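Participant: The hints should help you fit chain B onto chain A, whose structure is shown.
Listed in order, the protein sequences are those of chains A and B.
So in my numbering, spot 233 of the first sequence is number 233, and the numbers just go up one at a time.
If you want my numbering, it's the 1-based position in the second sequence plus 1000.
Since the hints were made in silico from the structure, they are not lab data.
Note that the coordinates shown come from a computational prediction; the quantities given were computed from them, not determined experimentally.
Every residue gets a Cβ at the ideal spot worked out from N, C-alpha and C, and that includes glycine.
One thing to keep in mind: the hints can contain errors.
[Said to hold, decoys possible] If you anchor each label on the Cβ, the simulated ranges turn out as follows: (1) B:ALA1029 with A:GLY93: 15 to 21 Å; (2) B:SER1030 with A:TRP316: 24 to 30 Å; (3) B:GLY1296 with A:GLU256: 49 to 55 Å; (4) A:ASP251 with B:GLY1296: 52 to 58 Å; (5) A:TRP316 with B:ARG1033: 31 to 37 Å; (6) A:GLY93 with B:ASP1032: 35 to 41 Å; (7) A:ASP103 with B:TRP1017: 47 to 53 Å; (8) A:ASP172 with B:GLY1296: 47 to 53 Å; (9) A:GLN90 with B:GLY1296: 38 to 44 Å; (10) B:GLU1014 with A:PRO65: 58 to 64 Å.
[Claimed, not checked] Stretches of chain B that chain A covers, calculated by requiring three or more beta carbons in the stretch to come under 8 Å of a beta carbon on chain A: (11) 1040-1053; (12) 1173-1184; (13) 1259-1269; (14) 1301-1315.
Protein chains: 2
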Amino acid sequence: MIDVQFADVARAAERIWPFVHRTPLERSASIDRELGVHVWFKCEQFQKTGSFKFRGACNAVLALPEAAVRGGVVTHSSGNHAQALARAAQLRGLRAYVVMPTDSVPAKKEATLAYGAHVVPCAPSLADRERVAAEVQKETGAYFVHPYDEPLVIAGQGTVGLELLDQLPDVDAVIAPVGGGGLLSGLCLAIHQRQPKVRLFAAEPAGADDAARSLRSGERQQVTTPVTIADGLRAQLSERTFAILRQHVEDVIVVEESEIVGAMRLLWERTKWVVEPSAAVALAALRQEGVRRVWGGRTVAVVLTGGNADLDALPWLVRRDPV
Amino acid sequence: MIDVQFADVARAAERIWPFVHRTPLERSASIDRELGVHVWFKCEQFQKTGSFKFRGACNAVLALPEAAVRGGVVTHSSGNHAQALARAAQLRGLRAYVVMPTDSVPAKKEATLAYGAHVVPCAPSLADRERVAAEVQKETGAYFVHPYDEPLVIAGQGTVGLELLDQLPDVDAVIAPVGGGGLLSGLCLAIHQRQPKVRLFAAEPAGADDAARSLRSGERQQVTTPVTIADGLRAQLSERTFAILRQHVEDVIVVEESEIVGAMRLLWERTKWVVEPSAAVALAALRQEGVRRVWGGRTVAVVLTGGNADLDALPWLVRRDPV
Chain A
1 MIDVQFADVA RAAERIWPFV HRTPLERSAS IDRELGVHVW FKCEQFQKTG SFKFRGACNA
61 VLALPEAAVR GGVVTHSSGN HAQALARAAQ LRGLRAYVVM PTDSVPAKKE ATLAYGAHVV
121 PCAPSLADRE RVAAEVQKET GAYFVHPYDE PLVIAGQGTV GLELLDQLPD VDAVIAPVGG
181 GGLLSGLCLA IHQRQPKVRL FAAEPAGADD AARSLRSGER QQVTTPVTIA DGLRAQLSER
241 TFAILRQHVE DVIVVEESEI VGAMRLLWER TKWVVEPSAA VALAALRQEG VRRVWGGRTV
301 AVVLTGGNAD LDALPWLVRR DPV
Chain B
1001 MIDVQFADVA RAAERIWPFV HRTPLERSAS IDRELGVHVW FKCEQFQKTG SFKFRGACNA
1061 VLALPEAAVR GGVVTHSSGN HAQALARAAQ LRGLRAYVVM PTDSVPAKKE ATLAYGAHVV
1121 PCAPSLADRE RVAAEVQKET GAYFVHPYDE PLVIAGQGTV GLELLDQLPD VDAVIAPVGG
1181 GGLLSGLCLA IHQRQPKVRL FAAEPAGADD AARSLRSGER QQVTTPVTIA DGLRAQLSER
1241 TFAILRQHVE DVIVVEESEI VGAMRLLWER TKWVVEPSAA VALAALRQEG VRRVWGGRTV
1301 AVVLTGGNAD LDALPWLVRR DPV
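Chain A on its own, in the form it takes in the complex (with noise of 0.2 Å):
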């Protein structure tokens, strides 16, 4: 079932590094008073195309053989990946075609329009965006690198992990959000591997728990419809990130709407960065008062996914319809 190792976390922090950013590693004075915890911040709102998505996505695109790929790259995305994918087509100089719905945010179509890829609109569904994507797929011949789905995407975002163990050896504990898995199989990889001691957290939104369910009840969840701000965390595990995540995740930490947009609001006004709500995520977690007071006094890292936020609809401001 598992078929992705740390050998191949190892082999992608090869592959990639001459082309992603190592992303700095941050603390805020202010908020360690506040929480009574050291946090340090792993920083890839900094990372090139503004989150981590772009080491899973360079990973793909560089190590898949020249036949896979000779009719370009294709995935559905309305965010970050769709980004990513496009930039690290061009490196290889590949066509890149990203299926995005048409409620996307115009800010991230134009980006990945930017980055030379082809946009092809779907209707605002996951039916409707696989079904667009396999279309796309059979008349192009385009290789389909899924978001969290495939072995070479983990192995990429695990290259997180080797960074933060690297640049904070003594850490406790480390708290990343969790969509569908990719970003946080690839730390519990990487980390684990290493540091079998390091106790590893998920966060995720309440209206799209299904991690949190899963992980409890043992069997995967689907939660049909869900409701979040955080909007690369509406993604549901899979049979693989799963089965990852059930070795080494402690546990997920569930929060409230308003504790994402408190956090992020939070990083906005101390730290200077513009963090997604996505990204708000850990943070809020390890702020709720149960949680802060288990890692009092000791040294947690908390990942910082993206920095790609809609500037023209910050959630403090702008009351958005549920999805």
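Facilitator: Chain B alone, transformed into the frame defined by chain A:
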């Protein structure tokens, strides 16, 4: 007339280094490409209290003799100098009184209070600010620390220039925003003493262009009603800062409001840094067709002065009434 010298900047650096951040000098590949210039950003949004103002306030508070500050320190400010002085006073265990207009941004008032200052309200006019500050001074014996017309403050701000030359010895030109001229005066003293060939430019909003008109006419000009979203740049040059700028600054580049907002948004989108409107003014200047053509292929440092943006009133979302 000019009672502040390079030696004062050097002393300030020795005095304040344990208390201030050495801020990073960063670049953005995509902004470089767009401008065709090698642009480096001096990131004072990451300075303590969120702006360069902490350097000057810190230098003043630490340098003043015990007898002068027995009654504490006082200033009037609606913005970054308020927070900076409050926090600097806290370092030395001094009382700080900050006279703030009643229309100040609530977040800035709260931050000033959080640093332990006494906030004294006044009407939103320079006359009333000065009147109330004088009253506080009389009642408490507190020492008045001017936001820019004060040698110790200018010397403190000059430490930005010393760091910049250490980080980028080959810089061809430096562009910084100008309001009262405290930062720019300090930069002039620091940079031209060490590297007289570096070309120094000011950037200023068209709605508060006293520096541009003063330097062009050779006589200090006033703008009685500055109108700009760059709230940190509404102040006027003093005789002291004017005298320094005349000797060192080659030109003042004037920018429109739309250029400020455009540069601010570009920074948020591309670099994921929260910068305030005033901080975007120097990049707005460099983006002007005529300016960037002059500096094509050369190395230019742009000072980003602070990150204390009003997150409830982003200029591309909210139409503000002219002040």
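Participant: Compare the structure with each hint and give your call.
Facilitator: Verification of the supplied hints:
Distance hint for ALA1029 (chain B) and GLY93 (chain A): a CB-CB separation of about 19 Å, consistent with the stated range 15 to 21 Å. A beta carbon spacing of about 27 Å between SER1030 (chain B) and TRP316 (chain A) agrees with the range 24 to 30 Å that was offered as a hint. A beta carbon spacing of about 51 Å between GLY1296 (chain B) and GLU256 (chain A) agrees with the range 49 to 55 Å that was offered as a hint. For ASP251 (chain A) and GLY1296 (chain B), the hinted distance range of 52 to 58 Å is satisfied, since their beta carbons lie about 55 Å from each other.
Checking the proposed 31 to 37 Å range against TRP316 (chain A) and ARG1033 (chain B) shows it holds: the Cβ atoms sit about 33 Å from each other. Separation of GLY93 (chain A) from ASP1032 (chain B) is about 22 Å and departs from the stated range, judged on CB atoms against 35 to 41 Å. As the Cβ distance of ASP103 (chain A) to TRP1017 (chain B) is approximately 51 Å, the hint placing it in 47 to 53 Å holds. Take ASP172 (chain A) and GLY1296 (chain B): their Cβ atoms lie about 50 Å apart, and the range 47 to 53 Å holds.
Distance hint for GLN90 (chain A) and GLY1296 (chain B): a CB-CB separation of about 24 Å, inconsistent with the stated range 38 to 44 Å. For the pair GLU1014 (chain B) and PRO65 (chain A), the supplied restraint of 58 to 64 Å holds, since their beta-carbon distance comes to about 60 Å. Counting residues of the region 1040-1053 of chain B whose beta carbon lies closer than 8 Å to any beta carbon of chain A gives 3, which meets the minimum of three for the stated coverage. With 0 residues bearing a CB less than 8 Å from a CB of chain A, the region 1173-1184 of chain B misses the requirement of three and the coverage assertion fails.
Residues of the region 1259-1269 of chain B lying with their CB closer than 8 Å to a CB of chain A number 3, which satisfies the three-residue condition for coverage. Given a C-beta distance limit of less than 8 Å, the hint that chain A covers the region 1301-1315 of chain B holds, as 4 residues qualify and 3 suffice.
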